[in-house]
Structure formats: structure tokens, C-alpha cells
Amino acid sequence: MKPAPFVYHRPATLEEAFDLLERYGPEGRILAGGQSLLPALNMRLATPAAVIDINRLPGLGAIRLAPEGLVIGALARQDAVERSPVMAQSAPLIAQAMPHVGHLATRTRGTFGGSLAQADPAAELPACVVALQATMRVARRAGTQEIPAAQFFRGIYTTALAPGEILIEVAVPPIAPGWRSVFDELARRHGDYALVGLAAHCRVSDGAVADARLVFTGVGLAPVRASRTEAVVSGRRLDPGVLAEAGRALEGDLDPPADVHASTALRRHLARALLTRVLTRLVGN
Amino acid sequence: MDTSLEISLTVNGVPVRRRVEPRLSLVDFLRYELELTGSHVGCEHGVCGACTVRVDGELVRGCLMLAVQADGCRVETIEGVAGTGEIFDLQQAFAEENALQCGACTPGLLLTAQEILRRNPRVDEAEIRRGLSGNYCRCTGYHAIVQAIRKAGAGRAGGTR
Chain U
1 MKPAPFVYHR PATLEEAFDL LERYGPEGRI LAGGQSLLPA LNMRLATPAA VIDINRLPGL
61 GAIRLAPEGL VIGALARQDA VERSPVMAQS APLIAQAMPH VGHLATRTRG TFGGSLAQAD
121 PAAELPACVV ALQATMRVAR RAGTQEIPAA QFFRGIYTTA LAPGEILIEV AVPPIAPGWR
181 SVFDELARRH GDYALVGLAA HCRVSDGAVA DARLVFTGVG LAPVRASRTE AVVSGRRLDP
241 GVLAEAGRAL EGDLDPPADV HASTALRRHL ARALLTRVLT RLVGN
Chain C
1 MDTSLEISLT VNGVPVRRRV EPRLSLVDFL RYELELTGSH VGCEHGVCGA CTVRVDGELV
61 RGCLMLAVQA DGCRVETIEG VAGTGEIFDL QQAFAEENAL QCGACTPGLL LTAQEILRRN
121 PRVDEAEIRR GLSGNYCRCT GYHAIVQAIR KAGAGRAGGT R
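Those protein sequence lines, which keep their order, are chains U and C. Using this note's numbering, the first residue of the first sequence is number 1, and each one after it goes up by one. Using this note's numbering, the first residue of the second sequence is number 1, and each one after it goes up by one.
In case anyone wonders, no lab produced these hints; they're calculated from the structure. Watch out, some of these pointers could steer you wrong.
Just a sample of chain C residues kept apart from chain U, beta carbon distances all over 10 Å, derived [unchecked claim]:
(1) E79
(2) G134
(3) R150
Listed below are the simulated DMTMM-like cross-link pairs for lysine to aspartate or glutamate, each with C-alpha atoms no more than 25 Å apart in a straight line [stated by the list, open to error]:
(4) U:K2 with C:E33
(5) U:K2 with C:E115
(6) C:K151 with C:E115
(7) U:K2 with C:E97
Everything numeric in this text was worked out from a predicted model, so none of it was measured. Note that the Cβ used here is the ideal one computed from N, Cα and C, for glycine as well.
Can you make the complete structure from the sequences, with help from the hints?
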């Protein structure tokens, strides 16, 4: 057995989960899909006193259309999200990103909310929910609060979730007419964390980008919105000159870290290549 | 402090009841407690795919699930799935195409291949390779494995299964 010993709890209700989170404080870890926590336990990077398994909390795995948009339960398995027929229509950005999240046998366990609450700086889904301006619904004993996705991701493995809080669902607003989505990423092998990923959600009008939301992953501490680049492409037709200008603006938007997988210079280069690829696909048919 | 818990589940159709420590992974439970050593242990952090099993019909990593989490579940290992004849055509295709050498990855690959074909027997090569991206083989170079899966898929799509 590789993990350090811990006590295991499987709350049946949110109330019980709050009790346990209160009881153990920082020594308690929530176990959702476990596809990030279990490796951390196996490597003893995480040694919590208690593991609080929320997998059997009722009602948190649904994917449903509501007046406020598409609501995805935090415990919806990534594989279920990927295969959900409503996803392609109501959140095509997420539908495109999903096959890049881990592998077949990790998506069957990994949860939508778990990937967001984990906030890995190279993960795909945080960038998607920021680009879609989704709302994160967070439960605590006092009630539920809503946090805009753009304010949810604070840094490496760090979110706006306070002690005692649990992400329960995510609401993706309806896609307005004219808006298109493209997700793509560059990784050394399929299923690896992206060296660079781009979630693009833009209004395209008459072959030009009218409004742009460009959110990168893998190039910062959290999802990075490329606002200078957005300003360059907004309201313009994407000829080679505009794409080159956008690539130069991107230099100012990104300050990617270097690690064992890629240098800063390589990540910048890949980000520019990916930007061109994604924008071209976005305005094309 | 005794933190162990009693779990009951079915493994390859057989009801099982055991006391386990919470930190015991599902794959270690299967191997050490039940002596089902067909599921292999490679990286133990979800990268290599050697420990792949099925839980309630879904393909999962045996190293990324705790045995206590399988309480009440239906677990299937390579021993069970091969025993029912469900993947006989895949096993045969793997042998014919030389899709295995040392065999460390083979149980995980067979279960993954079965899931790929279950979802779509007419799967193309690119889809097969995407589906296999979570299973490492250090012997074959994958080409023979892809061939074997295509061969079995063609047999099923043609209705010969």
C-alpha cells in the first residue's frame, strides 16, 4: 500500500459532508473522481488524515438544461459529459475539449467539478468555463453562493473555494446567436497535459471576429485571458497581417513558465501557432 | 487505530466480503486479497493502464480507485471477462497479429480494446490510437495492437461474432 494511512468517510448528504469538513479542517480532503488525488496519495504528495468521499452524494451528477443555461453537476463523470447529446449544442467548447482530458479510463471516473476544483494550471476545463463565462455554484452550510468562473481560479491548484465549501454545479449560459467555439491544444502525447491549450469563444460576423474571448491554459498559474490579443482581432477580418499582429500582441499577454516539458520560448512559439490555427478554424466554415 | 472497513461487492460474478484498510487500492485488493493477478500494477499513478479493470461496466484504473470505493459495486477483471468468452475474438486477433510480447500490458489493453469496440466496432485507426493513449506497451510499438483491434472490429461489424 503506497498511501499513508487515513480515515475514510462516505457522507450520504451534503450536511454530513459539511460536518466532516468542519471536523477535519485542512486535514480532510474531498475525494471526487480521484484521478488527481489518488496519484497524489500514492506518491505521498498528499497525506490527509481523512478522505471524504463525496461520490455518493445524491443529485450532483446530472447534466440538464435550465432557464439559466446548461447546468452540469460537479459529480458528472467526464465521460458522461463527453457523450452527453446536449453538450455539442449547448456547450460545443466543452464538447471539443473533453477528449483531451486524460484518457478513456480516467474520464469514466474523473468528474467535471473535480477537474475545476483541482485547478491544475494545464487543465482544459478551467479555460473553457472562463471563456464561456460560466457560473460556479458553491455550497456551504449557510447556503449556496455563485462565483463567476473568471474569479474562481486563483493560482496553481488554488481556487476561490473557502474551507468548508464544495463546488456542486456549473451553469453555462446559453450560446448567443453568432457565437462560435473552438478548443485545441498541443501536447507531446494524446492525453498528456497540454503544453499550450486555447479555449476560444467568439462572435463571428460576416467572416470577421466581432467579439473575442481567448483563454489559454498551460501557460500561466491559472487560465490566462489574452486581452491584448482579443483587442487586436476584434472587429477585424483575419488576414495574414492581422494574424501576425495578434501573434505579437500575444507576447504581451503571456508569460509562460519553463518546466521539464517545455521552455518559455517553446511555449510562446506554440501559443502563437495554436492561436493562428484556432482563429482560422473559428472564422472558417 | 483500526480504520479498516467491511466491504461487499461482486468480483467476476462472485460475491466477496472483506475487511480492508481504506488506503488499499482496488488493484492491490484484487491481487493480494483475491489472488486475481491478471490485473497488473505498473506506474500506480494512472499513466500506464496496466491495472485497468471494469467497475459497474465502466473501464477504470485499478490504481486510482480505493477498494473501499468499490463497496456494493460489480467488478470485472481480465480473468472474468476472458472467462466468459466476451473477448475471445480479440484474444485470438492479438495472438495472430503478434500484438503481445511480455504480456505486462496485455490485460489492460484487451479490456481497453473491448471498450473501444463496444462503443464502435467500425472504429478507424486514429480513433483506436486515441482510445489506446492511456495504455503503455513497451514491447510492440503499438502497430500490431492497432491491427489486432481493427481485425476484431471488422469481424464484429461484419456480423461474424
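For the pair we were handed, K2 of chain U and E115 of chain C, check the Cα-Cα distance against 25 Å. Distance ~29 Å between K2 of chain U and E115 of chain C Cα, so the pair is violated.
With d taken as the least Cβ-Cβ distance between E79 of chain C and chain U, does d exceed 10 Å? Answer for E79 of chain C: holds, closest chain U Cβ roughly 18 Å.
Over 10 Å from every CB of chain U: does G134 of chain C meet that, or does the non-interface label fail? violated (3 Å)
Far enough from chain U: is every CB of that chain over 10 Å from the CB of R150 of chain C? holds (17 Å)
Holds or violated: K2 of chain U with E97 of chain C, Cα cutoff 25 Å? violated (37 Å)
Within a Cα-Cα threshold of 25 Å, do K2 of chain U and E33 of chain C meet the stated pairing? holds (16 Å)
Can the restraint linking K151 of chain C and E115 of chain C be considered satisfied, given a maximum Cα separation of 25 Å? holds (15 Å)
The earlier numbered hints that this structure contradicts are 2, 5, 7.
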